[in-house]
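Asks: Spelled out from the first residue to the last, the chains are:
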Amino acid sequence: NAGVTQTPKFRVLKTGQSMTLLCAQDMNHEYMYWYRQDPGMGLRLIHYSVGEGTTAKGEVPDGYNVSRLKKQNFLLGLESAAPSQTSVYFCASRWTGESAGYTFGSGTRLTVV
Amino acid sequence: DAKTTQPNSMESNEEEPVHLPCNHSTISGTDYIHWYRQLPSQGPEYVIHGLTSNVNNRMASLAIAEDRKSSTLILHRATLRDAAVYYCILRDPRTGNQFYFGTGTSLTVIP
Numbered sequence: 080n081a082g083v084t085q086t087p088k089f090r091v092l093k094t095g096q097s098m099t100l101l102c103a104q105d106m107n108h109e110y111m112y113w114y115r116q117d118p119g120m121g122l123r124l125i126h127y128s129v130g131e132g133t134t135a136k137g138e139v140p141d142g143y144n145v146s147r148l149k150k151q152n153f154l155l156g157l158e159s160a161a162p163s164q165t166s167v168y169f170c171a172s173r174w175t176g177e178s179a180g181y182t183f184g185s186g187t188r189l190t191v192v
Numbered sequence: 002d003a004k005t006t007q008p009n010s011m012e013s014n015e016e017e018p019v020h021l022p023c024n025h026s027t028i029s030g031t032d033y034i035h036w037y038r039q040l041p042s043q044g045p046e047y048v049i050h051g052l053t054s055n056v057n058n059r060m061a062s063l064a065i066a067e068d069r070k071s072s073t074l075i076l077h078r079a080t081l082r083d084a085a086v087y088y089c090i091l092r093d094p095r096t097g098n099q100f101y102f103g104t105g106t107s108l109t110v111i112p
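Chains as they are written, first to last, in our numbering: chain A, 80 to 192; chain B, 2 to 112.
Read the hints as simulated data drawn from the structure, not as lab findings.
There could be a bad hint or two in this list.
[As the list claims (entries may be wrong)] Think about it this way: if two alpha-carbon atoms lie no more than 30 Å apart in a straight line, the pair counts; the simulated DSBU-like pairs of lysine-lysine are: (1) K149/A to K70/B; (2) K4/B to K136/A; (3) K136/A to K149/A.
[As the list claims (entries may be wrong)] To give a feel for the contact side, a few chain A residues facing chain B, derived at Cβ under 8 Å: (4) F169; (5) E177; (6) G186.
Ideal Cβ positions, reconstructed from N, Cα and C, are used throughout, including at glycine.
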């Protein structure tokens, strides 16, 4: 049981480049989330999805796009990377119950130079 | 948003109990209280959650105030592996679909 898998684990981008972060879960969870975490700070929600084909904005959505074409995958895209997007990105998923908790991936460390 | 307030940092001696407080005065009647922890260089992991009654599991205990405006995560015997940032989180009442993480409490365990 892999849980939540994020790829890649590390990446260095040049300013203006684009990339896609992949999150895959094998628990048949409906809800998936993308968070970013900057040094010394808590997690901030970027985008989330409540089911296949749906997406919604979180606290800090600017500069990011997401897609949920398949239930098990949630993609986070950076169209034109900026140094301010240097961060650690975490994906999470959960089932639909009111008390359901999150399962997190191990993170993607992204550096934009 | 239903926000939580936690101390920035706490220290505990190894093998002693630790009480991590959380205030959530704007909690709604249906919000669950969740606790997660984040070990260095890892993603957050679930610790415990509850609604009204105190809860116990193999990792910790959760004590919830009668008015539900505060809660306390209890680690019965702190170990060095418990050194982490602990987050107290409520379900977002506007959407019911997302949690907001604050900055949490950084727990240092002293050998």
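Asks: It remains to establish, for every hint, whether it holds in the given structure.
Replies: Checked hints:
Between the alpha carbons of K149/A and K70/B the distance comes to roughly 39 Å, so the proposed pair goes past 30 Å and is violated. At roughly 19 Å between alpha-carbon atoms, K4/B and K136/A fall within 30 Å of each other, so this suggested pair holds. Under the criterion of a C-alpha separation no larger than 30 Å, the hint pairing K136/A with K149/A is consistent with the structure, at around 18 Å. The closest approach between the C-beta of F169/A and any C-beta of chain B is roughly 5 Å, which is under the 8 Å cut-off, so the hint is satisfied.
A distance limit of 8 Å between C-beta atoms decides the matter here; for E177/A the minimum to chain B is near 6 Å, and the interface restraint holds. Because the beta carbon of G186/A sits about 5 Å from the nearest beta carbon in chain B, less than 8 Å, this interface hint is met.
Consistency with the previously given hints fails for number 1 only.
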